[in-house]
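Going down the list, the sequences are from chains A and B.
The working numbering applies: residue 1 is where the first sequence begins, and numbers increase by one.
The working numbering applies: residue 1 is where the second sequence begins, and numbers increase by one.
I should point out that these hints are in silico values taken from the structure, not numbers from a laboratory.
Computed from a predicted model, the values in this text were never measured in an experiment.
Mixed in with the good hints there might be a few duds.
Using C-beta positions, here's what the derived DEER-type ranges look like [stated by the list, open to error]:
hint	chain 1	residue 1	chain 2	residue 2	range
1	B	Y104	A	Q268	22 to 30 Å
2	B	H88	A	R126	45 to 53 Å
3	A	N8	B	R9	28 to 36 Å
4	A	A224	B	R119	43 to 51 Å
5	B	L4	A	Q157	49 to 57 Å
6	A	D232	B	K11	52 to 60 Å
7	B	R9	A	D232	52 to 60 Å
8	B	D156	A	H249	48 to 56 Å
Cβ coordinates follow ideal geometry from the N, Cα and C atoms, glycine included.
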Amino acid sequence: MLERYQGNARLLAGGQSLVPLLNMRLMQPEAVIDINRIPGLDGVREDNGWVRIGALARYSAIEWSPVVGSRLPLLSEIVRYIGDRHVRTRGTIGGSLAHADPTGEIALAALALDATIVVRGPSGTREVAAREFFLGPYFTVLEPAEMVVEVRFPHHQMVTAFAEHARRHGDFCVISVAALGEPAGDGGWKTVRLAVGGASHRPFVAEAASAVLSNTALEPDAIAAAGAACVDAADPTDDIRASADYRAHLLPIYVRRVLGEMKTRRRQGAT
Amino acid sequence: MTPLPIDIRLKVNGEPVERAVEPRRSLVDFLRHDLGLTGTHVGCEQGVCGMCTVLFDGEPIKSCIMLAAQADGAEITTIEALNGEDLHPAQRAFKEAHGLQCGYCTPAFVLTTVALRERGLRLERDELKEELAGVLCRCTGYQNILTAVESYLADD
């Protein structure tokens with residue numbers, strides 16, 4: 001069906017982004033194709049070192065999933081920042097990724113957790129790393145006749161933390177930062193990964209900042225250097241929620257907060 | 001070109017309903033204009049304020065950002081389902097705690113609370129705030145709403 005409309009149809013999953021856009025006439029597709037009745041696309045299951053989440057899995061289902069809670073605590077934590085209960089009842093993980101809002105929490109989680117996005121189209125199925133999936137605001141590598149069918153998250157043994165700034169509870173974030181760290185035996189950290197949302201035209205893994213932090217004890221100097229590296233890598237824009245300058249101002253503050261939280265969680269024995 | 005209507009069959013407050021709807025018809029407009037169930041209110045029409053909350057297969061959703069066609073096969077519960085000789089216990093709790101002023105948001109809060117009770121959880125006040133965050137009230141300041149919800153959920 002997507003082929004028939006040659007890019008002028010939109011898939012309707014949870015509808016929590018698409019239908020507001022239709023209501024506001026910001027999007028006027030020729031056709032809306034409801035995929036909610038496709039069976040087998042809403043599961044959450046473990047498979048050989050991976051957690052596989054179907055594209056139609058609702059946020060509430062992910063939030064309440066014991067598998068996600070034990071294997072992907074970062075995703076469990078992040079999903080609670082999405083909208084409100086009513087939105088999480090309907091909204092889906094696949095819809096969020098395909099929508100690719102630069103402030104979207106699911107996109108950030110997929111990047112931070114190094115997820116693989118499974119995409120199906122007329123010419124078959126392909127797997128895309130989350131790092132290669134997002135091209136710009138509301139713009140992904142999806143071809144017009146392709147859809148997201150599954151998201152695969154590798155198990156991890158990292159300590160994680162997340163923080164975001166929003167103007168009001170449940171609103172789109174102004175800035176968000178996720179951190180993952182692998183503790184080293186000496187009290188330091190082996191690899192650390194930072195992912196940033198809201199600070200650029202797409203969410204991104206802050207490679208330089210992650211490199212600065214890896215093999216350190218996350219001393220204040222290292223954290224400050226990582227914050228600066230994140231600002232260098234970001235390309236914030238002005239919008240109704242915040243100016244570019246304010247976003248750049250917040251970024252190192254939130255980097256410091258998530259890394260502080262990550263250290264606290266390690267001390268408390270949470271992984 | 002006007003798109004053809006879509007035939008839908010669903011249950012609304014336990015009653016079977018069959019209609020042909022325009023594809024663009026939102027669920028809240030379907031309930032209000034086609035079925036005359038005006039207890040479901042309309043606010044922002046973009047999924048923020050929660051005035052249009054109804055239960056979709058028992059779970060709270062915002063019916064302004066759902067199409068009527070999507071409700072085919074579903075069970076929809078609106079505030080009218082609570083109609084009876086006496087107030088529903090949830091409505092009584094709101095009345096007793098003074099959990100409403102103008103009343104515009106009340107159907108949404110009551111339905112959200114009824115769905116919450118179905119989940120059977122014991123929630124702290126902070127957790128309740130999180131569960132109710134999808135509905136806005138511009139009059140009360142929320143404290144009496146929270147008190148009403150707590151008392152309804154604690155009432156065995």
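Going through the hints against the structure:
no. : hint                        : verdict
1   : B/Y104 / A/Q268: 22 to 30 Å : 44 Å, violated
2   : B/H88 / A/R126: 45 to 53 Å  : 52 Å, holds
3   : A/N8 / B/R9: 28 to 36 Å     : 29 Å, holds
4   : A/A224 / B/R119: 43 to 51 Å : 45 Å, holds
5   : B/L4 / A/Q157: 49 to 57 Å   : 54 Å, holds
6   : A/D232 / B/K11: 52 to 60 Å  : 57 Å, holds
7   : B/R9 / A/D232: 52 to 60 Å   : 58 Å, holds
8   : B/D156 / A/H249: 48 to 56 Å : 51 Å, holds
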